Amino acid sequence: MELLPGQKRGYWKYHAPEKWFRQAKIRGKLENHPAVLLLDSGAEVSIVDTTFAREVGCLIDTSMTQECVGIRDETYYTVGRARHKVTLAGNLVYFFEAWVGDLAGQNAILGMDFMVPAGIRLDAGDGTVCLPDEVRVQMLERRPLYGTRTNLIMPDTPPLRIESYRDRDVRLRSRSQDRHELWVTRGKSWVTTLVDGRSPYLRVTNLSNAPLALDTHTKLGMWIAKDQLPREYGFVRIGSRKYQEWQNLVYEAAIDNEDAPHVKDLTPLPERRQYQPPKSILRRGEIFAKVAVNTARPVAKYGPQPTMC
Numbered sequence: 006m007e008l009l010p011g012q013k014r015g016y017w018k019y020h021a022p023e024k025w026f027r028q029a030k031i032r033g034k035l036e037n038h039p040a041v042l043l044l045d046s047g048a049e050v051s052i053v054d055t056t057f058a059r060e061v062g063c064l065i066d067t068s069m070t071q072e073c074v075g076i077r078d079e080t081y082y083t084v085g086r087a088r089h090k091v092t093l094a095g096n097l098v099y100f101f102e103a104w105v106g107d108l109a110g111q112n113a114i115l116g117m118d119f120m121v122p123a124g125i126r127l128d129a130g131d132g133t134v135c136l137p138d139e140v141r142v143q144m145l146e147r148r149p150l151y152g153t154r155t156n157l158i159m160p161d162t163p164p165l166r167i168e169s170y171r172d173r174d175v176r177l178r179s180r181s182q183d184r185h186e187l188w189v190t191r192g193k194s195w196v197t198t199l200v201d202g203r204s205p206y207l208r209v210t211n212l213s214n215a216p217l218a219l220d221t222h223t224k225l226g227m228w229i230a231k232d233q234l235p236r237e238y239g240f241v242r243i244g245s246r247k248y249q250e251w252q253n254l255v256y257e258a259a260i261d262n263e264d265a266p267h268v269k270d271l272t273p274l275p276e277r278r279q280y281q282p283p284k285s286i287l288r289r290g291e292i293f294a295k296v297a298v299n300t301a302r303p304v305a306k307y308g309p310q311p312t313m314c
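All the letters of the sequence shown, read from the start, carry residue numbers 6 to 314 under the numbering used here.
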C-alpha cells in the first residue's frame with residue numbers, strides 16, 4: 006500500500022480528519038511561569054529554552070554540555086544543565102534536571118527521560134496527555150474527542166426482571182440522528198440490542214440459566230455526538246462488527262413460543278373401565294370375602310362329566 010501525502014485511513018479518516026501532523030503541546034508552568042511544553046516521545050533527553058531559562062532565573066551549570074541531533078539531522082550543543090520545577094494540571098509538581106539549549110516554537114521539550122519517571126502517556130486519538138491517576142490535560146489546538154455530555158439510557162422500571170433466555174424491552178428516547186449516535190453495552194449474562202422501527206426501543210436479552218434483575222442505575226446505552234466517542238469501556242456502535250457478534254448471541258438464546266411443540270394429554274389406547282370413587286370405608290372382612298369369591302375356581306358347564314364307579 007502506497008501512502009501519499011495528506012491521505013488518512015482507518016480511525017483518522019472518520020474521527021479526526023483535521024488532525025494532521027499536530028504536535029503534543031500543552032500549557033503548564035516552568036519555574037512558576039506559564040510555558041508551552043512539547044511532549045516528544047522520540048526525544049531521549051529534555052531541553053529547556055535558553056532565553057526562557059534566563060528570564061525565569063534558572064541557575065545554569067555551563068560546565069556540562071550535550072550534543073543533540075534534531076529532526077533534520079542537524080547537530081548542536083546545549084549551553085549547560087539546570088534543575089527545573091514543572092507544574093502540570095495545576096497541582097502536579099515535578100523537580101528534575103534538564104539540559105538548556107536554543108529552541109523555537111516552545112519553551113521546553115520534555116523527552117522520555119521526563120515522561121517515563123513522571124508516568125505520562127500520550128493519547129493521540131483523544132488529543133490529551135494522561136497523567137497519573139488518569140488526570141488528563143488537553144493538548145493545544147485539539148478539541149476533546151470523547152464526549153463529556155452524554156445521555157445515558159437506563160431501565161425505567163425498578164428493577165428490570167428478566168427470566169432465563171427471555172428478553173424485555175426498554176423505552177428509547179429518540180434524539181436527532183444527524184447530530185447524535187447510539188452506543189450500547191452488555192453485561193456478563195445479558196446483551197442489549199436495538200429494535201429499529203417507527204418507535205425504536207432497546208431489547209435486553211438474558212443469556213443465562215437463571216433469572217436476572219437490573220436496577221435503575223444499570224447502563225444499557227447512551228446517546229453521544231457523532232464526532233465524539235464514549236469514554237467508558239464496553240460500548241459499541243450500532244452496526245459495528247462487535248455489535249453483530251452480540252446479535253448472534255441473542256439469536257442463539259432466543260426461544261420462539263410459536264415453534265414450541267404442543268404435547269396433548271392423550272388417553273390410553275386400551276379401554277379403561279371407569280370406577281366410582283369410594284364413598285365409605287371398606288372393612289377388612291368384606292375385602293377377604295370379595296377376594297375369595299373372585300379367586301374361586303369356576304365349574305365347567307359343558308363337556309363330558311366324570312362318572313362314578
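Hints were generated in silico from the structure; no laboratory data involved.
On a predicted model such as this, the values are computed, not experimentally measured, just so you know.
We put the CB at the ideal spot given by N, CA and C, even for glycine.
Certain hints may be false.
In silico PhoX-like cross-links for lysine-lysine, where the CA-CA straight-line distance does not exceed 25 angstroms [said to hold, decoys possible]: (1) LYS247 x LYS284; (2) LYS193 x LYS284; (3) LYS224 x LYS247; (4) LYS284 x LYS224.
For each label pair, taking beta carbons as the anchor points, the in silico distance ranges come out as [unchecked claim]: (5) ASP138 x ALA218: 30 to 36 angstroms; (6) ASN214 x LEU145: 30 to 36 angstroms; (7) MET159 x GLU60: 50 to 56 angstroms; (8) LEU145 x SER194: 27 to 33 angstroms; (9) ALA94 x LYS247: 17 to 23 angstroms; (10) GLU237 x LEU64: 33 to 39 angstroms; (11) CYS135 x GLY239: 16 to 22 angstroms; (12) PRO163 x TYR280: 32 to 38 angstroms.
Q.
Need the list of violated hint numbers for this structure, in ascending order.
A. 1, 2, 4, 6, 8, 9, 10, 12
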